Structures are given as structure tokens and as C-alpha cells.
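Asker: Adding 46 to a residue's 1-based position in the sequence shown gives its number in our numbering.
Certain hints may be false.
Calculated pairs, SDA-like style, for lysine to any residue (alpha carbon to alpha carbon, straight line, at most 25 Å) [unchecked claim]:
| id | residue 1 | residue 2 |
| --- | --- | --- |
| 1 | K63 | E135 |
| 2 | K243 | E187 |
| 3 | K81 | E127 |
| 4 | K243 | Y260 |
| 5 | K240 | L166 |
| 6 | K243 | Q229 |
| 7 | K240 | Q191 |
| 8 | K81 | H52 |
| 9 | K81 | G112 |
| 10 | K323 | Q295 |
| 11 | K107 | K170 |
| 12 | K107 | N305 |
| 13 | K275 | N56 |
| 14 | K169 | G184 |
| 15 | K334 | T312 |
| 16 | K170 | G198 |
| 17 | K243 | I302 |
| 18 | K170 | Q213 |
| 19 | K81 | I302 |
| 20 | K334 | L267 |
| 21 | K325 | H336 |
If you're looking for bench data, these hints aren't it; they were derived computationally from the structure.
Only a predicted model underlies this, so the values are computations on that prediction, with no experimental measurement involved.
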Amino acid sequence: MSSEPHIVCNDIFKIYKVADLEVVALRGLDLAIDKGEVVAVVGASGSGKTTFLNILAGYDKPSAGGVSVSGRDLVQFSEKEAEQYRRSEIGFVWQQTSRNLFPYLTVLENIQLPMRLNNLGDKKTTELKAAELIELVGLQEKSNQMPESLSGGEQQRTAIAVGLANQPSILLADEPTGELDDQTASDILDLFGKVNKDLRTTIVIVTHDPQIAYKVRRVILIQDGKTSKEILRKDGYQRITGAASTSDQLEEYTVIDSNGRLQIPTDMLEDIGITNKAKLESSGDFLKIHRSNYKNG
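Whenever a hint applies, use it, and build me the whole structure from the sequences.
Answerer: And the structure:
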């Protein structure tokens, strides 16, 4: 099995032009995700999370930097290659139900549709495959119902099954619990863990849900368009099944980007009075950061 990460983002920038203004959505984002990993991406509105997902899905390209999936360079894709990549490699779960499901199709038919579009079998074959996904997401009793008759949680379960219908290697979820109550949101996060366990799908979840740090082993925080820190569970790798345990200890890591830049949390800088300059000193396994007495002028 290859030791290369499944997803690699190297110094990504994304700049949008709005009227006469340039908006920088991503500012040198660096990230690597292993095959079969479940990762949550967290950040405030406008931090660049959704832009990052759109680039991973091949809907958009970075203005600068590199993105590769399974060793394939997404930046070099033609429009046709990007479309084929999405159809074969990517499943997407949106926050809004209207983007996930066709209201005039049953649960079974919604799941079958991507299979038929990708020529993954005839009607009978796709029915059987769709039924397997319905069982995976726990909706056996709802297969012939229309989306409007489902609860919000059931609609998102269906959306996850639709996202898996083309047998993707990567499942991307943009705020999948944003419109759900706390218990239903917890159940949906658990379902992503079950999907990962059963199918070994790489899963990237963008969310504001505070439970997420206790549901996945790795949480990546994006601030001002770049990865600022990561939170890892100290108890080792555990899938996101079962109740979130707030007794689990979490370790927080500052991210060093590909250019060697280190982001230090503002509150730590304020505590020791560091403003625009600092002195560095290496000491064994430690790097010491001291307040500088240097003054400009």
C-alpha cells in the first residue's frame, strides 16, 4: 500500500475578484490527509473552508499552489477531466437538502440515479446496490418514501447514501449537521464513522459543530485562509462511532507551513507581551520564544 497521503494541498492561494476588489479566500493553505482518514475542518465564516472543499471536489482551481489526490494533479485537469474526477472519485453531502435530493424521486431512486448516470449497472443491479446503501445508513423502512416525508436527519442519511452511490474514494461534507438538533447531529457524525469503518472511504467534514473534536481523531482549524492548528485525540485512533466523550484528552498542535512559518495563538503572544518581533532559541527538543527588547528607530 502506498505511503503517500491521499490528499495533498501545498501552499494553496485562492483569490476572487469582486467588482474592483480582490478577495483572498485561501492564503497559503498546507494540508495532507491519509487514505481512509476521517478529518474535520473547522473555522469561522469566511475562513476559506468551503473554498477548500470546492477545490478538492474539482469545482474550482487555486490561483496558486498545488493540489493532488492519489498522485493526480487537480490543477492541470481540463474541464472534462475535472468532471470525470468528480463522477468517479468524489461524493458530496451539502447542508441544504435541496442540493442533495430530488424532491420528485423516492429515497431508493435518489440513490440509484448517480449509479445509472455513471453506468454502474442496469436497473436491477443499481436497485440492489442502492438497497445496500439504504441499509448502511439505517433507512430500510423509508426506501419508497419521498424526501418531504423524511425528518431532517433522515434526509441527511439519504444524502450520505447518495454521496456514496458512485463508490467514491473521498466523501466531502459541507456543514452536514448545520440544520439539525444536537442529538440528530451527533447521530449523523456517528454515521460518518460507520461509513468509514465499513467502506474505508476518506472523509472530510467541514463543520461548526463543537462535538466534532470528540467524534474524530483529527480536527484542522482554518483561520484567515490557512491552517492555523490541529487538534488530535491523545487516546489514539478511534472511529467516530458511539457517544462523544468529553473526558477524552485533546492535544493541540500549531501548524508549521511549507515555508517554515509558525502560527502562534494571539492569546499566547499577548500573555508574554510579544508584538511584532521575537527572539528564538533552540534547547534540546524545545524551541524557546522570547520577548524582544528591540525597538524600531
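Asker: Are the hints correct? Go through all of them and say.
Answerer: Status of each hint after checking the structure:
no. : hint          : in the structure
1   : K63 <-> E135  : violated (30 Å)
2   : K243 <-> E187 : holds (23 Å)
3   : K81 <-> E127  : holds (22 Å)
4   : K243 <-> Y260 : holds (17 Å)
5   : K240 <-> L166 : holds (23 Å)
6   : K243 <-> Q229 : holds (21 Å)
7   : K240 <-> Q191 : holds (23 Å)
8   : K81 <-> H52   : holds (5 Å)
9   : K81 <-> G112  : holds (18 Å)
10  : K323 <-> Q295 : violated (33 Å)
11  : K107 <-> K170 : violated (38 Å)
12  : K107 <-> N305 : holds (21 Å)
13  : K275 <-> N56  : holds (16 Å)
14  : K169 <-> G184 : holds (22 Å)
15  : K334 <-> T312 : holds (17 Å)
16  : K170 <-> G198 : violated (29 Å)
17  : K243 <-> I302 : violated (30 Å)
18  : K170 <-> Q213 : holds (17 Å)
19  : K81 <-> I302  : holds (22 Å)
20  : K334 <-> L267 : holds (24 Å)
21  : K325 <-> H336 : holds (5 Å)
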